[in-house]
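Spelled out from the first residue to the last, the chains are:
2 protein chains.
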Amino acid sequence: MTPLLSNHLGGKWQDGSGPGTPLFDPVRGNELVRVDARGLDLTAGFAFARTQGGAALRALTYRERGAMLAAAVKVLQANRDAYYEIATANSGTVKNDSAVDIDGGIFTLGTYAKLGETLGDRRFLLDGDAARLGKEPLFQSQHVLVPTRGVALFINAFNFPAWGLWEKSAPALLSGVPVIVKPATATAWLTQRMVKDVVDAGIFPAGALSVVCGSPAGLLDALQPFDVVSFTGSADTASRIRSHDAVAQRSVRVNIEADSVNSALLLPGEAIDSPAFDLLVREVVREMTVKSGQKCTAIRRIFVPESLYDATAQAVAARLAKTTVGDPRNETVRMGSLVSRAQLVSVREGLTLLKSYADVLYDGANTSMIDIDPAIACCMGPTLLGTRQSETPQLHQTEVFGPVATLLPYRDAKQALNLVRRGEGSLVASLYGSDVSALATAATELADSHGRVHVISPDVAQLHTGHGNVMPQSLHGGPGRAGGGEELGGSRALNFYHRRSAVQASTAVLATLQ
Amino acid sequence: MTPLLSNHLGGKWQDGSGPGTPLFDPVRGNELVRVDARGLDLTAGFAFARTQGGAALRALTYRERGAMLAAAVKVLQANRDAYYEIATANSGTVKNDSAVDIDGGIFTLGTYAKLGETLGDRRFLLDGDAARLGKEPLFQSQHVLVPTRGVALFINAFNFPAWGLWEKSAPALLSGVPVIVKPATATAWLTQRMVKDVVDAGIFPAGALSVVCGSPAGLLDALQPFDVVSFTGSADTASRIRSHDAVAQRSVRVNIEADSVNSALLLPGEAIDSPAFDLLVREVVREMTVKSGQKCTAIRRIFVPESLYDATAQAVAARLAKTTVGDPRNETVRMGSLVSRAQLVSVREGLTLLKSYADVLYDGANTSMIDIDPAIACCMGPTLLGTRQSETPQLHQTEVFGPVATLLPYRDAKQALNLVRRGEGSLVASLYGSDVSALATAATELADSHGRVHVISPDVAQLHTGHGNVMPQSLHGGPGRAGGGEELGGSRALNFYHRRSAVQASTAVLATLQ
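In the order they appear, the protein sequences are chains A and B. Take 1 as the starting number for the first sequence in the numbering used here and just add one per residue. Take 1 as the starting number for the second sequence in the numbering used here and just add one per residue.
I should point out that these hints are in silico values taken from the structure, not numbers from a laboratory. Quick caveat: nothing in here was measured; it's all calculated off a predicted structure. Misleading hints may appear alongside valid ones.
[Stated by the list, open to error] Here's a subset of chain B near chain A, in silico, CB distances under 8 Å, partners left out: (1) Ile-272; (2) Val-503; (3) Leu-513.
Heads up, the beta-carbon is just placed ideally off N, CA and C, and yes, glycines get one too.
Using the sequences and the accompanying hints, generate a full structural model.
Now the structure itself:
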């Protein structure tokens with residue numbers, strides 16, 4: 001029997017009472033550990049987090065909570081090697097891809113640790129200045145942001161067990177709100193291990209950070225009116241969460257990050273040998289292959305002028321052909337495996353669907369694999385599709401969560417923007433060009449349907465942070481199909497964990513709030 | 001047959017094809033007008049608003065849209081007399097109560113007209129400063145707020161046909177988002193008339209402001225991903241809206257204002273003859289009787305120290321006894337009728353329920369009525385309930401939407417705050433006292449569970465804006481039972497109608513966004 005991972009709930013480590021669900025190595029196929037949450041008293045665990053964890057966190061100032069996050073960063077850094085080992089074994093990722101998750105998570109946690117320092121020794125935040133309520137200045141309205149007195153439940157996705165944990169937990173804990181994280185089962189090990197290291201180090205008050213692995217029934221039923229829930233995953237599950245009584249009837253605040261068919265757009269007027277063209281090609285290949293395309297921010301649709309359709313296909317294909325795929329333990333391998341057999345099946349199905357509407361411009365099926373048994377490993381080569389029928393609806397609606405993208409040509413700038421918007425709300429679009437004014441215009445045109453617009457001009461070729469990399473300074477989320485959520489964005493992330501209230505009072509009373 | 005009110009949709013006036021639903025005078029019982037929305041092409045109407053109205057509004061700057069709101073204010077002011085006549089006939093309100101709705105609405109519209117002036121000649125807003133993404137300052141992240149490219153659907157409540165229209169429409173239109181308002185049927189006349197006056201004056205572009213009266217099937221079905229919906233009304237309907245496919249599956253942004261069992265709290269240490277005690281008594285009576293208690297912000301629960309329970313009951317009762325009730329056309333009448341027979345029945349049922357848990361401290365059933373036929377008019381006298389069993393759950397959960405409040409004593413400050421929080425999220429709590437520090441502490445303790453905390457100390461006795469008055473400068477909304485929504489709050493109201501996006505770009509590109 002493989003080890004059974006314990007859950008941390010109600011301020012103590014608790015094993016599930018069931019046989020456990022196994023987690024596998026997606027490259028070698030062997031079972032690694034098991035998770036189980038059967039028999040946990042969720043009601044008591046959530047209540048403990050609310051009353052003990054929440055009260056203890058709220059008793060601290062932002063600066064003190066920031067210092068706790070900084071202490072957690074140190075613990076995680078001391079255990080980095082173990083996290084990389086778990087990622088290799090359980091996610092099948094090469095070292096560079098594991099870094100996006102592990103070091104990206106620690107970096108984000110560190111960013112919020114520093115933010116706590118700047119917020120200082122306060123226990124609530126002022127929101128703007130006081131506003132007069134009439135001609136006399138003696139009675140005014142001061143908005144404040146105070147931590148919500150509930151728990152933050154995170155239902156996370158399989159592709160970022162480390163980053164997904166910390167990009168949500170950091171702003172919650174800094175806000176003074178206790179966290180209960182439910183990682184996706186397939187990759188729950190890394191999340192559980194990081195929580196365990198931090199909990200065992202005794203950094204946070206009891207009840208501040210809990211982890212529930214596996215699939216306990218009734219997780220949402222345990223939510224109360226002042227709790228919040230943040231979900232990353234499929235649109236179907238998102239819809240069920242939104243319709244659950246906790247959200248629909250008890251006004252539990254919800255944040256959703258769901259599907260996203262992200263775009264890369266080469267603006268008109270760039271030649272085949274232009275720097276912008278080259279930047280697009282490089283970024284597309286990077287986005288298709290990093291984490292085997294298992295990033296919610298990855299480029300799925302590539303838009304270029306009609307005249308550059310063939311040239312783009314050739315340039316991307318030439319680079320994809322150099323992508324080595326196989327066992328991440330082999331240092332010559334650039335791209336590891338998908339995260340599980342279920343994902344491999346799902347991506348193959350999606351690819352088959354897209355192939356019925358688009359041509360194969362580069363076929364990943366021909367990729368030679370290194371050090372793996374193809375019957376066992378969840379590896380697949382990157383595939384570029386494309387069609388001149390750019391308006392085909394399915395190509396704008398289907399998110400295939402693997403190393404797959406579709407090239408689509410456009411006639412003019414107007415059609416290009418319309419095609420990008422056919423994604424009906426995405427996390428990110430990237431723009432490539434050299435005309436500052438055209439780039440700015442396209443960025444503001446696309447801003448309402450994208451949580452982030454990433455503009456790559458030749459002057460920032462070496463400086464830009466990447467289409468798919470989520471920086472803690474910037475908003476992460478998107479409207480419509482992308483779920484309508486907002487995460488990160490520096491201090492903006494704290495809003496979700498605070499309640500805004502207008503205090504209308506005399507100048508004397510308001511002075512004490514400063 | 002009474003006149004059939006027309007709907008404005010798709011840029012034109014359209015009559016429903018059905019027999020119409022009658023609207024009544026709740027005092028005299030006669031039918032006034034009819035509304036009908038049967039047969040309207042909602043899909044086409046919503047599409048017209050999105051494409052024609054939205055594009056035309058977005059082509060204007062905030063300053064230009066603010067000027068349009070200012071022009072609408074002038075039109076409304078010119079027609080005030082007609083609005084007061086409609087309010088008297090259809091809502092049964094005395095002049096002072098009609099003013100809360102009509103002049104409150106026009107004042108709020110005017111406030112946003114002025115805000116447009118300060119936002120200037122821009123078409124999108126900057127959200128904070130640019131943030132560096134790395135050590136070099138050449139690549140940064142600038143958050144922007146851009147108008148959503150959808151419609152704003154307002155499903156409004158019967159108690160504020162004028163204010164409810166403008167407090168939502170003003171920030172939407174200022175943001176560049178077209179409005180479709182569906183007023184509550186019972187009092188739809190005033191909303192329809194105000195929209196008609198403004199539309200006929202040709203102030204807004206075609207499709208910018210639409211009104212649908214009656215109950216068309218499929219209103220929510222017509223919503224698309226970039227639309228928003230704002231609902232004011234019952235928790236049951238709110239739950240249905242949240243679970244609707246438009247919200248659950250298409251990520252339509254939703255704002256809910258539902259039930260609220262608001263509190264007034266006299267802090268410990270105030271004597272019977274203290275100014276704070278007197279301020280509480282006056283405010284409670286005002287809140288119970290203004291608009292016959294049909295305000296979502298009205299005081300429903302009154303908390304006083306145990307030692308002041310009897311004295312408070314006597315003082316409130318003495319003032320309630322002076323409240324004249326009857327036909328609002330009689331100038332000696334202070335309080336008119338409830339809005340409809342359905343509401344009268346509902347309030348009587350709620351009162352019966354509360355009476356099974358509390359004593360009647362002042363019985364409105366004995367109030368003598370002026371100029372009405374009690375068999376016809378929807379009038380009822382104000383009733384004060386009370387019990388020393390302050391923890392009784394039903395008294396903290398039941399919103400009776402009429403001239404009814406319940407007096408509850410507390411032992412100490414800690415219990416008082418806990419009892420207030422038993423409302424599980426309210427729009428507003430008011431605090432009465434003379435100790436600045438104690439008032440500030442109580443305000444911040446209650447801020448997370450209230451959208452607004454209204455602090456009344458003796459120094460602002462003549463200046464404060466009232467427990468139940470919603471000022472456009474302050475947030476209106478509340479967590480939990482109150483629905484979790486946010487309206488008004490000055491420029492904060494614009495957030496709901498904008499999408500936030502992070503533009504990551506070179507310094508040169510970001511400079512053009514300034």
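Here is what the structure says about each hint:
1. Ile-272: violated, 23 Å
2. Val-503: Nearest chain A Cβ about 5 Å off; hint holds.
3. Leu-513: Status holds, d = 6 Å.
When the structure is compared with the earlier hints, a violation turns up for hint 1 alone.
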